[in-house]
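Take these sequences, add in the hints, and give me the full structure.
For reference, the chains in residue letters:
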Amino acid sequence: MSEARFRIKRFDPASDTAPRYDTFVVPYEGNLTVLEGLFSIQERQDGSLSFRYCCRAAVCGSCAMYINGRYRLACQTNVSQLPAGDVTVEPMPHLPLVRDLVCDMTDFFAKYEYIKPWLIRDEAHDPEREIPQSPKARRKLDMPIDCILCGCCYSSCPSVWGEENYLGPAALLKAYRFEVDSRDQARRERLPNFDNERGVYRCHTITNCMEACPKELNPTEGIQWLKGAAVRRRLFGRLK
Amino acid sequence: MIRHQLVVVGGGLAGLRAGVEAKGAGIDVAILSQVHPGRSHSGAAQGGINAALANNPEGHDDTPEKHAFDTVKGSDYLADQDAVYQMTQDAPPAIFEMEHWGCPFSRYDDGRIAQRPFGGAGFPRTCYGADKTGHYLLHTLVEQAYRRQVRIYMEQFVTSLIVVDGQCRGVVAYDMIRGGFEAFVADAVIIATGGAGRTYSNTTNAIISTGYGAAMAYHAGVPLKDMEFVQFHPTGLYTTNILMTEGCRGEGAYLINDLGERFMARYAPSVMELAPRDIAARSIWTEILEGRGIGGKDFVYLDLRHLGEQKIAEKLPGIRDLAIHFEGVDPVTDPVPIVPSQHYTMGGIDTDRDGVTRMPGLYAAGECACVSVHGANRLGGNSLLETIVFGRRAGKAVVEFLAGGGGGRAAPAAAAAVEALAAVQARVDRLSRTAAGENAYDIRAEMIDTMKLNFGIFREARQMQEGIDKLLSLKARLPGIGLRHAGGAFNLDMIRTIELEGMLDVALATAVGAFKRTESRGSHARTDYPNRDDEHWLEHTLALYRSDGPPELDVKPVALGMFEPQERKY
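Residue numbers (the numbering used here), protein chains in the order written: chain X, 119 to 358; chain W, 1458 to 2027.
The hints are simulated quantities; they were obtained by calculation from the structure and are not laboratory data.
Treat each hint with caution, since some may be false.
Just a sample of chain X residues kept apart from chain W, beta carbon distances all over 12 Å, derived [to be verified]:
{"no.": "1", "residue": "132"}
{"no.": "2", "residue": "139"}
{"no.": "3", "residue": "163"}
{"no.": "4", "residue": "352"}
In silico lysine to any residue, SDA-like type, Cα no more than 20 Å apart, as pairs [to be verified]:
{"no.": "5", "chain 1": "W", "residue 1": "2013", "chain 2": "W", "residue 2": "1754"}
{"no.": "6", "chain 1": "W", "residue 1": "1932", "chain 2": "W", "residue 2": "1952"}
{"no.": "7", "chain 1": "W", "residue 1": "1909", "chain 2": "W", "residue 2": "1862"}
{"no.": "8", "chain 1": "W", "residue 1": "1768", "chain 2": "W", "residue 2": "1566"}
{"no.": "9", "chain 1": "W", "residue 1": "1523", "chain 2": "W", "residue 2": "2026"}
{"no.": "10", "chain 1": "X", "residue 1": "234", "chain 2": "W", "residue 2": "1554"}
{"no.": "11", "chain 1": "X", "residue 1": "127", "chain 2": "X", "residue 2": "201"}
{"no.": "12", "chain 1": "X", "residue 1": "234", "chain 2": "W", "residue 2": "1606"}
{"no.": "13", "chain 1": "X", "residue 1": "254", "chain 2": "W", "residue 2": "1942"}
{"no.": "14", "chain 1": "W", "residue 1": "1768", "chain 2": "X", "residue 2": "255"}
{"no.": "15", "chain 1": "X", "residue 1": "254", "chain 2": "W", "residue 2": "1770"}
{"no.": "16", "chain 1": "W", "residue 1": "1768", "chain 2": "X", "residue 2": "260"}
{"no.": "17", "chain 1": "X", "residue 1": "333", "chain 2": "X", "residue 2": "186"}
{"no.": "18", "chain 1": "X", "residue 1": "258", "chain 2": "W", "residue 2": "1608"}
{"no.": "19", "chain 1": "X", "residue 1": "333", "chain 2": "W", "residue 2": "1786"}
{"no.": "20", "chain 1": "X", "residue 1": "254", "chain 2": "W", "residue 2": "2026"}
{"no.": "21", "chain 1": "W", "residue 1": "1768", "chain 2": "X", "residue 2": "257"}
{"no.": "22", "chain 1": "W", "residue 1": "2026", "chain 2": "W", "residue 2": "1770"}
{"no.": "23", "chain 1": "W", "residue 1": "1768", "chain 2": "X", "residue 2": "253"}
{"no.": "24", "chain 1": "X", "residue 1": "254", "chain 2": "W", "residue 2": "1786"}
{"no.": "25", "chain 1": "W", "residue 1": "1932", "chain 2": "W", "residue 2": "2006"}
{"no.": "26", "chain 1": "X", "residue 1": "258", "chain 2": "W", "residue 2": "1771"}
{"no.": "27", "chain 1": "X", "residue 1": "254", "chain 2": "W", "residue 2": "1771"}
{"no.": "28", "chain 1": "X", "residue 1": "127", "chain 2": "W", "residue 2": "1945"}
{"no.": "29", "chain 1": "W", "residue 1": "2026", "chain 2": "W", "residue 2": "1976"}
{"no.": "30", "chain 1": "X", "residue 1": "258", "chain 2": "W", "residue 2": "1567"}
{"no.": "31", "chain 1": "X", "residue 1": "234", "chain 2": "W", "residue 2": "1558"}
{"no.": "32", "chain 1": "X", "residue 1": "127", "chain 2": "W", "residue 2": "1942"}
{"no.": "33", "chain 1": "X", "residue 1": "258", "chain 2": "W", "residue 2": "1774"}
{"no.": "34", "chain 1": "X", "residue 1": "254", "chain 2": "W", "residue 2": "1754"}
{"no.": "35", "chain 1": "X", "residue 1": "234", "chain 2": "W", "residue 2": "1983"}
{"no.": "36", "chain 1": "W", "residue 1": "1754", "chain 2": "X", "residue 2": "260"}
A partial selection of chain X residues facing chain W, derived with a Cβ cut-off under 10 Å [what the hints assert, rightly or not]:
{"no.": "37", "residue": "203"}
{"no.": "38", "residue": "234"}
{"no.": "39", "residue": "265"}
Backbone N, C-alpha and C fix where the C-beta goes; we use that ideal spot for every residue, glycine too.
Laid out in structure tokens, this is it:
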């Protein structure tokens, strides 16, 4: 039987005046993920602990947290892989808080919606067959479609901290995902929503998003591509 | 009190597809989801979705009829053949629709959707996007829901139905962010809350797949059908039961025992690793029981090494990540330890092929429902298909129901809504007042182990009777539970305690169905009744909820007519 010591940031805006850190010792056999540790605490030691969870297999994006000073998915983080000492668990910083480890994602999803994250086509297609797409064209989507909307990149971006209207890396990566899709024909429909004061020009290639992403995606690359498209349109009036 | 014409409970593929359909017809629809819909368990599906597109060069003779035959044979002839026929006919247009909405399927050189072989299928007909098909389909439908401005209430834990004069008129939900209860009054409700995998301790399912949605209908008097049929996926990771897609074997991976044998040669020599899931899972378990698990332990190997790094990177990148992160094994260089794991709930809320239940105004679609298209054993690639085909059909059925006056409802729902809200509040108050009560998680832990041990891959009367007794004794302990934490936002203690009450009843329905069905069929394998018994058991079971004991069991005929039941051999 092993033991892990968790140090968890707690705050309930409804009843607490200031955040605090609570410490719990979690016994376990074999392996222990941070998410399993949180469940063990919630079930056995402190029923008031709050956190998000769902798939426990790193595909749903629910349990993004700040663990030992790094953005991680709690389900994908094994305690044995962390440096010895306390496991410090905090909510993703720079986001409004609902309670304990649960952040308010309202703005995050409003920005996602703002960039029109859906396939736009003005040309009709044969309802009885697929729109053809070559494997080469499809490969351009490989990186951005793996986004799980966990919010790590968004929370990590200094440009988001400084300007609350900035769309941030996740929404822009989603815009990129559609702009590079050979089937998308948005032309003027989506571009104004990232080629504006909320959009791509606020990315200063700090690349925190790349480091923060638990799926090892590269939002910066997508944003720079969008920036190129937007600048080309401004300079030459060209679309895509 | 919030009012909408239609409330959809659940924001996975089935719920979203239903919501999009109703919204498209001008219905005022709201989706209530326990998580952001993009986090639903549909997104964990990996290998693909079946449709007879005949895109694969080896599948150019494929047809919906052949898809229907494979599905019915796979179901061990328990599926309703008219419903299966409907699903396989609807499949190609459903796939094209998802593609037109942007789903990033993998492609052939000619630009068409790629298809891979899957278990129990005569042709390679499983359309896929690498090994993340569920994630891609789910995000595509979330995008379409946003595009159509479908109203989505996120992080709502729905606790109960509002019923007026035997008609479903809405739901009560706990708003996890605000931390209070609210009544949603509607003219129709669609339940699309997924499976009940978490009633087992060894499941591939997400933590929110508790079966609570099905339990709500069950508590309101709607029967659960065929709950004894529980699918064990052959290949869950050994230590976590996280899914390794059937696509691994579709792409050529081997199952290997301690002697280094491809042991499937003993059980399904003509299809080997691509045997249907019930057969593959039993074969693995037999190897383990006979001492040929790796090192004599309770796992075998899934070996992908011969596929090579490039093929794994292209076709199975997610599998590689999961094996590395969760099992510490890189499938490129090492075989992956796997064990059969609870994966899918074939049974569910009794519906017809339009999602209609016995209760007017109440519909169900997806894994929480039982149409039945999977019968005693679901084929891989048919569950994603079921969600979008029957999600759409349920949405459409509600549109017609509302156009026809919504069943001629007379009584106003407001009073019932207030009552339902008060009932939930009273239930929570009671839980909060039980000082130093029993810990709900002790009961949960005993329940999930009982399901694993007493209602697993192989079943037998004495063991199941013990299991039923155990579940009943756990149910008797429910009133003694006390909450550790009362009130407030995001109260996990309250949500998980309420869930437990539903889970235990769903588990009991599974247990009693399994005990009463004295035959072996599909996933239901009894060592004391090893043969299929078409004379007595070619019929669905219906579990009816009884608050004071185990469920009452009724039966319902299977829709036959296209394919005569035969002995099932592969």
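Against the structure, the hints:
1. 132: 6 Å, violated
2. 139: 19 Å, holds
3. 163: 9 Å, violated
4. 352: 27 Å, holds
5. 2013/W / 1754/W: 42 Å, violated
6. 1932/W / 1952/W: Holds. Residue 1932/W to residue 1952/W sits at ~17 Å (cutoff 20 Å).
7. 1909/W / 1862/W: 46 Å, violated
8. 1768/W / 1566/W: Holds. Residue 1768/W to residue 1566/W sits at ~16 Å (cutoff 20 Å).
9. 1523/W / 2026/W: Roughly 16 Å separates the two Cα atoms, so the pair holds.
10. 234/X / 1554/W: 19 Å, holds
11. 127/X / 201/X: 19 Å, holds
12. 234/X / 1606/W: With a Cα-Cα distance of about 11 Å, the restraint between residue 234/X and residue 1606/W holds, given a limit of 20 Å.
13. 254/X / 1942/W: 54 Å, violated
14. 1768/W / 255/X: 19 Å, holds
15. 254/X / 1770/W: 15 Å, holds
16. 1768/W / 260/X: 15 Å, holds
17. 333/X / 186/X: 18 Å, holds
18. 258/X / 1608/W: Since the Cα atoms of residue 258/X and residue 1608/W sit roughly 32 Å apart, the hinted pair is violated (cutoff 20 Å).
19. 333/X / 1786/W: Holds, because 18 Å separates the two Cα atoms, which is no more than 20 Å.
20. 254/X / 2026/W: 41 Å, violated
21. 1768/W / 257/X: Since the Cα atoms of residue 1768/W and residue 257/X sit roughly 14 Å apart, the hinted pair holds (cutoff 20 Å).
22. 2026/W / 1770/W: Violated. Residue 2026/W to residue 1770/W sits at ~34 Å, over the 20 Å cutoff.
23. 1768/W / 253/X: Judged against 20 Å, a Cα distance of about 14 Å means the pair holds.
24. 254/X / 1786/W: 30 Å, violated
25. 1932/W / 2006/W: 9 Å, holds
26. 258/X / 1771/W: Satisfied, since the Cα-Cα distance of roughly 13 Å is no more than 20 Å.
27. 254/X / 1771/W: Measuring from Cα to Cα gives roughly 12 Å; hence the hint holds.
28. 127/X / 1945/W: 18 Å, holds
29. 2026/W / 1976/W: 17 Å, holds
30. 258/X / 1567/W: 17 Å, holds
31. 234/X / 1558/W: 13 Å, holds
32. 127/X / 1942/W: Distance ~18 Å between residue 127/X and residue 1942/W Cα, so the pair holds.
33. 258/X / 1774/W: Given pair residue 258/X, residue 1774/W holds - Cα atoms ~16 Å apart, limit 20 Å.
34. 254/X / 1754/W: 44 Å, violated
35. 234/X / 1983/W: Distance of about 53 Å is beyond 20 Å: violated.
36. 1754/W / 260/X: 38 Å, violated
37. 203: 22 Å, violated
38. 234: 8 Å, holds
39. 265: At 8 Å from the nearest chain W Cβ, residue 265/X passes the 10 Å test, so the hint holds.
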